[in-house]
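**Student:** Single-letter residue listing:
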Amino acid sequence: GAVVSQHPSWVICKSGTSVKIECRSLDFQATTMFWYRQFPKQSLMLMATSNEGSKATYEQGVEKDKFLINHASLTLSTLTVTSAHPEDSSFYICSAKRGTNVLTFGAGSRLTVL
Amino acid sequence: ELKVEQNPLFLSMQEGKNYTIYCNYSTTSDRLYWYRQDPGKSLESLFVLLSNGAVKQEGRLMASLDTKARLSTLHITAAVHDLSATYFCAVVGSQGAQKLVFGQGTRLTINP
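Residue numbers (this note's numbering), protein chains in the order written: chain Z, 41 to 154; chain P, 35 to 146.
Hints may contain errors.
As the list claims (entries may be wrong) - Derived contacts from chain Z toward chain P, CB cut-off under 7 Å, selection only:
1. Pro80
2. Leu84
3. Ile133
4. Asn141
5. Phe145
6. Ala147
7. Thr152
Claimed, not checked - Pairs of lysine-lysine, DSBU-like flavour, derived with a Cα cap of 35 Å:
8. Z:Lys137 with P:Lys102
9. Z:Lys106 with Z:Lys81
10. Z:Lys137 with P:Lys90
11. P:Lys51 with P:Lys75
12. Z:Lys104 with P:Lys37
13. Z:Lys95 with Z:Lys60
14. Z:Lys95 with P:Lys133
15. P:Lys133 with Z:Lys104
16. P:Lys75 with P:Lys102
17. Z:Lys104 with P:Lys90
18. Z:Lys106 with P:Lys133
19. P:Lys90 with P:Lys102
20. Z:Lys137 with Z:Lys81
21. P:Lys75 with Z:Lys106
22. Z:Lys106 with Z:Lys137
23. P:Lys37 with P:Lys51
24. Z:Lys60 with P:Lys90
25. P:Lys90 with P:Lys133
26. Z:Lys137 with P:Lys37
27. Z:Lys60 with Z:Lys106
28. P:Lys37 with Z:Lys60
29. P:Lys90 with Z:Lys81
30. Z:Lys81 with Z:Lys60
31. P:Lys75 with P:Lys37
32. P:Lys51 with Z:Lys95
33. P:Lys75 with Z:Lys95
34. Z:Lys104 with Z:Lys54
35. P:Lys102 with Z:Lys54
36. Z:Lys54 with P:Lys133
37. P:Lys75 with Z:Lys81
38. Z:Lys54 with P:Lys75
39. P:Lys51 with Z:Lys60
40. P:Lys51 with P:Lys102
Hints were generated in silico from the structure; no laboratory data involved. Keep in mind the model is a prediction, meaning the values are calculated, not measured. Built from N, CA and C at the ideal position, the CB exists for glycine as well.
Same shape as in the complex, but just chain Z (with noise of 0.2 Å):
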């Protein structure tokens, strides 16, 4: 079945530091991506959608120059947390569109700021 693969599955920065998170395709390719945040027992919400070969589409609210979405390949999509604090700490999922309907989630990335 088709795998994303999210690396790192978690990481612990300082504040003021820059975090790339990288979620790729590793058996299909993926013209879009979606990348999510998921708070402690709260839902996931749509950060951005990231599509290939152009500049991702951020929701209401999200910080593009905070956080820098990258869709180079037609595998990878990297999400750069840039200058984190620790409101940023969260559990970030990364999700690949593979036709019409298949959805499928990448294993999640759980960011610390100290």
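For this one, chain Z is given, so just place chain P on it according to the hints.
**Tutor:** Same frame as chain Z, but now just chain P:
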């Protein structure tokens, strides 16, 4: 704006009992998904429902969709402890929209 509401948000039940989780959404949708999430883990896909009247079953879980009522249900039959998890429904808007909007999640605890 598409809104998705689940109820109940918390459900504690005994093994062997049946129960239903409800998912209402506010605007016309092409697709509705059900996911399971275990603590600290990502989402596991359970069902995708594409048309009015669609019913899908896997083991003790059965999902249905009524597009006219904008309602989906996830029915649990003879619950077992292993089904304890948080269950999310998520809806994609119509007209080619790609955005997936999630419900709040239902935290299900099944007690022996």
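**Student:** Look at each hint and say if it fits the structure.
**Tutor:** Here's how the hints hold up against the structure:
At a threshold of 7 Å, the smallest CB-CB gap from proline 80 of chain Z to chain P is about 10 Å, leaving the interface hint violated. About 5 Å separates the beta-carbon of leucine 84 of chain Z from the nearest beta-carbon of chain P, less than 7 Å, and the hint is met. About 6 Å separates the beta-carbon of isoleucine 133 of chain Z from the nearest beta-carbon of chain P, less than 7 Å, and the hint is met. Given hint, asparagine 141 of chain Z at the interface with chain P, holds; its Cβ is 6 Å from that chain's nearest Cβ, closer than 7 Å.
Contact between phenylalanine 145 of chain Z and chain P, as hinted, is supported at the beta carbon level, the nearest pair being about 4 Å apart and thus within 7 Å. Taking 7 Å as the C-beta cut-off, the interface hint given for alanine 147 of chain Z holds, the closest approach to chain P being about 5 Å. Taking 7 Å as the C-beta cut-off, the interface hint given for threonine 152 of chain Z is violated, the closest approach to chain P being about 13 Å. Taking the CA atoms of lysine 137 of chain Z and lysine 102 of chain P, the gap is about 27 Å. The hint holds against a cut of 35 Å.
Restraint check for lysine 106 of chain Z and lysine 81 of chain Z: the C-alpha separation of about 24 Å stays at or below 35 Å, so the hint holds. Restraint check: the Cα-Cα separation between lysine 137 of chain Z and lysine 90 of chain P comes to about 21 Å, which is no more than 35 Å; the hinted pair holds. Straight-line distance between C-alpha atoms of lysine 51 of chain P and lysine 75 of chain P comes to about 26 Å, which keeps the hinted pair within the 35 Å bound. Only pairs whose Cα atoms come within 35 Å are accepted, and lysine 104 of chain Z paired with lysine 37 of chain P is accepted, the gap being roughly 24 Å.
Straight-line distance between C-alpha atoms of lysine 95 of chain Z and lysine 60 of chain Z comes to about 17 Å, which keeps the hinted pair within the 35 Å bound. The hinted pair formed by lysine 95 of chain Z and lysine 133 of chain P meets the criterion: a straight-line CA distance of about 16 Å does not exceed 35 Å. For a cut-off of 35 Å, the pair hint linking lysine 133 of chain P to lysine 104 of chain Z stands: about 17 Å separates their Cα positions. For the suggested pair lysine 75 of chain P and lysine 102 of chain P, the alpha carbons sit about 33 Å apart, so the restraint of at most 35 Å is met.
At most 35 Å may separate the alpha-carbon atoms for a hinted pair to count; lysine 104 of chain Z and lysine 90 of chain P exceed this at roughly 39 Å. Of the pairs offered as hints, the one joining lysine 106 of chain Z and lysine 133 of chain P holds, with about 21 Å between alpha carbons and a cut-off of 35 Å not exceeded. Among the hinted pairs, lysine 90 of chain P with lysine 102 of chain P is consistent with the structure: their alpha-carbon atoms are about 18 Å apart, no more than 35 Å. Between lysine 137 of chain Z and lysine 81 of chain Z the alpha-carbon distance is near 25 Å, which keeps this suggested pair within the 35 Å criterion.
Between lysine 75 of chain P and lysine 106 of chain Z, the direct Cα distance comes to roughly 25 Å. Compliance with the 35 Å bound is thereby established for this hinted pair. A hinted pair counts as satisfied when its Cα atoms are at most 35 Å apart, and lysine 106 of chain Z with lysine 137 of chain Z qualifies at roughly 24 Å. Between the alpha carbons of lysine 37 of chain P and lysine 51 of chain P the distance comes to roughly 30 Å, so the proposed pair stays at or under 35 Å and holds. Only pairs whose Cα atoms come within 35 Å are accepted, and lysine 60 of chain Z paired with lysine 90 of chain P is rejected, the gap being roughly 38 Å.
At most 35 Å may separate the alpha-carbon atoms for a hinted pair to count; lysine 90 of chain P and lysine 133 of chain P meet this at roughly 23 Å. Taking the CA atoms of lysine 137 of chain Z and lysine 37 of chain P, the gap is near 21 Å; set against the 35 Å cutoff, the hint holds. Proposed proximity of lysine 60 of chain Z and lysine 106 of chain Z is supported: the alpha carbons are some 12 Å apart, at most 35 Å. Distance restraint check for lysine 37 of chain P and lysine 60 of chain Z: the Cα-Cα separation of roughly 31 Å lies within the 35 Å cut-off, and the hinted pair is therefore satisfied.
Taken as a hint, the lysine 90 of chain P and lysine 81 of chain Z pair is honoured in the structure, with Cα atoms around 28 Å apart against an allowance of 35 Å. Distance hint between lysine 81 of chain Z and lysine 60 of chain Z is fulfilled; the C-alpha atoms sit about 24 Å from each other, no more than 35 Å. A C-alpha spacing of about 24 Å is found between lysine 75 of chain P and lysine 37 of chain P, which places the hinted pair at or below 35 Å, so the restraint holds. Distance hint between lysine 51 of chain P and lysine 95 of chain Z is unfulfilled; the C-alpha atoms sit about 49 Å from each other, more than 35 Å.
Our distance criterion of 35 Å between C-alpha atoms is met by lysine 75 of chain P and lysine 95 of chain Z, whose separation comes to about 29 Å. The suggested pairing of lysine 104 of chain Z with lysine 54 of chain Z holds, with an alpha-carbon distance near 21 Å, which does not exceed 35 Å. A C-alpha spacing of about 50 Å is found between lysine 102 of chain P and lysine 54 of chain Z, which places the hinted pair above 35 Å, so the restraint is violated. Taken as a hint, the lysine 54 of chain Z and lysine 133 of chain P pair is honoured in the structure, with Cα atoms around 32 Å apart against an allowance of 35 Å.
Note on lysine 75 of chain P and lysine 81 of chain Z: the hinted pairing holds, with a Cα-Cα distance of about 12 Å set against a maximum of 35 Å. For the given pair, lysine 54 of chain Z sits about 24 Å from lysine 75 of chain P by alpha-carbon distance, which is consistent with the 35 Å threshold. Restraint check for lysine 51 of chain P and lysine 60 of chain Z: not satisfied, since their Cα atoms lie roughly 45 Å apart, outside the 35 Å limit. For the hint linking lysine 51 of chain P to lysine 102 of chain P, the alpha-carbon distance of about 29 Å falls within 35 Å, and the restraint holds.
Hints 1, 7, 17, 24, 32, 35 and 39 from the earlier list are contradicted by this structure; the remaining hints agree with it.
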